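Participant: Please arrange chain B on chain A, whose structure you already have, making use of the hints.
First to last, the protein sequences are chains A and B. Sequence positions in the first sequence follow the numbering used here and run 700 to 1204. Sequence positions in the second sequence follow the numbering used here and run 700 to 1204.
By construction, these hints were calculated from the structure, which means they are not laboratory data. If you're wondering where the values come from, they're calculated on a predicted model, not measured in any experiment. From the three backbone atoms N, C-alpha and C, an ideal C-beta is built for every residue, glycine too. None of the hints are false.
One-sided and incomplete, this derived list gives chain B residues near chain A with beta-carbon spacing under 8 angstroms:
1) Phe806
2) Phe1121
3) Thr1144
Covered by chain B, per the in silico footprint, the following chain A stretches (three or more residues, Cβ under 8 angstroms):
4) 813 to 822
5) 926 to 936
6) 1158 to 1171
Number of protein chains: 2
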Amino acid sequence: VSKQLTEPVTETKPEELEQVLAGAARAAAPFGALAPRDRARALVAVSDALRAAEDELVDIAGAESGLPEGRLRGELNRTAVQLRLFAEVLARGAYLDIVLDHADPDFAIGPRPDLRRIKLPIGPVLVYAASNFPFAFSVIGGDSASALAAGCPVVLKSHPGHPELSARTGALVAGALAKAGAPDGVFAVIHGDEAGVSALRDERITAAAFTGSVAGGRALFDIAADRPRPIPFFGELGSNNPVFVTPGAVGARGAEIAQGYVESFTLGVGQFCTKPGLLFLPADHGLEPALTDAVRAVAGGRMLTEKVHRGYQSRYHEIVGTAGVRTLVDGGEAGGLAAVPTLVATDPDTLLAHRHELVEEAFGPLSIVVSYREVAELPGLARELPASLTGTVHLDAADPADTESVRPLVAELQDRVGRLLFNGWPTGVAVTPAMHHGGPYPATTAPLHTSVGARAIERFLRPVVFQNAPEELLPEALRDDNQLGLPRETNPAGESQTWGQAVTG
Amino acid sequence: VSKQLTEPVTETKPEELEQVLAGAARAAAPFGALAPRDRARALVAVSDALRAAEDELVDIAGAESGLPEGRLRGELNRTAVQLRLFAEVLARGAYLDIVLDHADPDFAIGPRPDLRRIKLPIGPVLVYAASNFPFAFSVIGGDSASALAAGCPVVLKSHPGHPELSARTGALVAGALAKAGAPDGVFAVIHGDEAGVSALRDERITAAAFTGSVAGGRALFDIAADRPRPIPFFGELGSNNPVFVTPGAVGARGAEIAQGYVESFTLGVGQFCTKPGLLFLPADHGLEPALTDAVRAVAGGRMLTEKVHRGYQSRYHEIVGTAGVRTLVDGGEAGGLAAVPTLVATDPDTLLAHRHELVEEAFGPLSIVVSYREVAELPGLARELPASLTGTVHLDAADPADTESVRPLVAELQDRVGRLLFNGWPTGVAVTPAMHHGGPYPATTAPLHTSVGARAIERFLRPVVFQNAPEELLPEALRDDNQLGLPRETNPAGESQTWGQAVTG
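Bound-form chain A, shown alone (with noise of 0.2 angstroms):
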């Protein structure tokens, strides 16, 4: 045990969150004025400097979360990859979507000034970590990443579930930031739920990203609703990500599935936003030994924090104590912060006449298989399910009738769902450019956005459009020159003259 778990860390004051918002306010500017490559090369240095730091940072985060220490040098490598996604994404430059119209007299409603649209930080942004990722949802995650990324300044509020390995991180990467260049104050961790709170209704935040619980986020949702002036709230909330099995999947790879199915929603002690809460079999599947088997060889993991325990107590219980609810596997009541996964099955009446109890989000290794009659009974239930981040299916990619018998279910999932997959599993969100993690309340609050992958950046940009203004007066990406060679869309004098012919010939 490293020494700095013997100092706790405290709350923040009013006092010093004072200085922390005025900080942020004033880093701003100078922050959101530095050029996309200059940024980008903040954000590598931020990733060098994690990776260099890597032992003592995984071993403060396993004294604190209990999470192995694989899976914690994992997590800080996909969080160092991260931040060299969004210098990328600032290296390419598309993230600015500029549009240059030029001024055209002959334009269809009358002459048209010249017009120059680019996209600028929205400042200052709160930014609420996650219990379980210490590192990929937390100090400095995808949100923190992007918001870096995007100019703007971040306030982040600490999980206490990892108090310790938040004020570490942070120190490293104010240090990182600073000696690359980027301003005083761009980057402070506060501390407590009060704080949490006040820097919420403060008027120098612009936006805020949360990732957790749905009660925990609707109600700072409702606080950034309810201020004097909105602002815009990204949270990322609950989930219960389903699965539907065809009986052509089970036909060829029954044990596959099950096997695949137990390692999803009890990987990281069942602690995943993406975690599969249902699985639809058809009723004949046979499949009951392979799955009870492979949730008994699974060990029971100390769960994250006292109320993240707490709180899948209470779920488990619901769901084994509902009617009509069979209980296959029971992990019981296990001692301290332990959880042992436990597998429950249902019928569709059964889950829908207790959707309240079954169907939300049970964060920890509970799971339930709900038995279908028949294939074309999909789409129904999908509709009667809550928003999910993911929605996944399993068929016989090799079986054509068995692939077009999904068709429908596929056309309601895209609808409901962030993220749509084929005969894979939920756990493990890559992070890349085309990523989109998000989806309709309650798996979000802001359905047109991602908290991860590339178009991230996009929640902290707002866009702003320059009318024949003096190139002296412009920024830099907008002049005639392009010296900053971003992508720019151009539209001449003249064009709107063809709107629509493309498609009337």
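Facilitator: Structure of chain B alone, referenced to chain A:
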């Protein structure tokens, strides 16, 4: 007066509303599934139908709104062109923001699946029509056009200022859409505040758009945020659109600026969201005679509705009655719904001491001249103003020192307006690819988005990513062969190895 005007439009009854909402929900999937070019053809058909009915629609609009014929014909043209702009957006296809990540066994954080991202329509959209643009921000204005372009059914809440025009335009739009192959229920008009609020609370509505007052827009925003499942609410509310004039600009073309300002703030009886409400002039500007002459030369006009007129009268009395405000031209109280332009003057200290009275939008033909001492004062003044749709700077572009003097002002303004214009006037918003009509609250409730221009479509699109999907279950736009010829970003295997290298060398 046409026959229609003698048949009063009645408020939508609950059972009628239920039919409208059920129809919109049913239309969502088939309408969203149309190929972009087919939806584009439908928009062109609506545009052509509007033009074909121009004489009839302008007649009704004139009788209901009191707006002059020339203005209404111009507005109808703008509305028809706007539909063609969105047809062009669909034909170009970049709005789908398609990103394809190839599967990558060597991905930096473990094997990457095949990921294909696209944007899909969010679902039925509720649009509240505005009073001040019976065509361009009403039944088939920018909000409706962009929602339909995105593939969303539209439920249009009519404005009580032009009920008959709303009903007639609605029937025309629905007819043109049906003829172009759009499904039943894709477009409907509802009347009455009760129906408008009920619709906003209905689970089948997935997003809403509004143009109007701060009070009305905020009340609806609060309802949208307070739903069990909150939805995005794109409100365009109030704006004071400050104009800053340098001493150099006064010297170079003071008389022209006085004339242009008065024309802009009195245009359409001051009933534009981009009306300049504040004109900052150097203390020794000497333009009072030119300003007062110009104001006196503008006749009064009928305001749009009784409610707008009442609101204006109230703001007029509040402003002219504020201590420290000098009335330069007093339009007084005119009879009926009429208003005659009023110009007042004050100083920065009075402005900030009475910000509730003087800084909030006064919707109507009244504006405030503020005399400042030096240009260096302006950034601080700009910082004290609420966010606005526009900010305007008048400078002497031939004088490098005068141009340079506003650099700090421009830096402040770009953080609190959506459009920053130079040596022009904010009224008259071009409908173009680059246009941004938005801004932080209270200019809008959604600072990341625009309600005018090509990018307005983004408000009604939700990203979804397909992971390892069988080719035959992918949306056509995401298939390998790209038969639709859409622009797509492609990220090959191995790319993650070089992330960040472009900036670190």
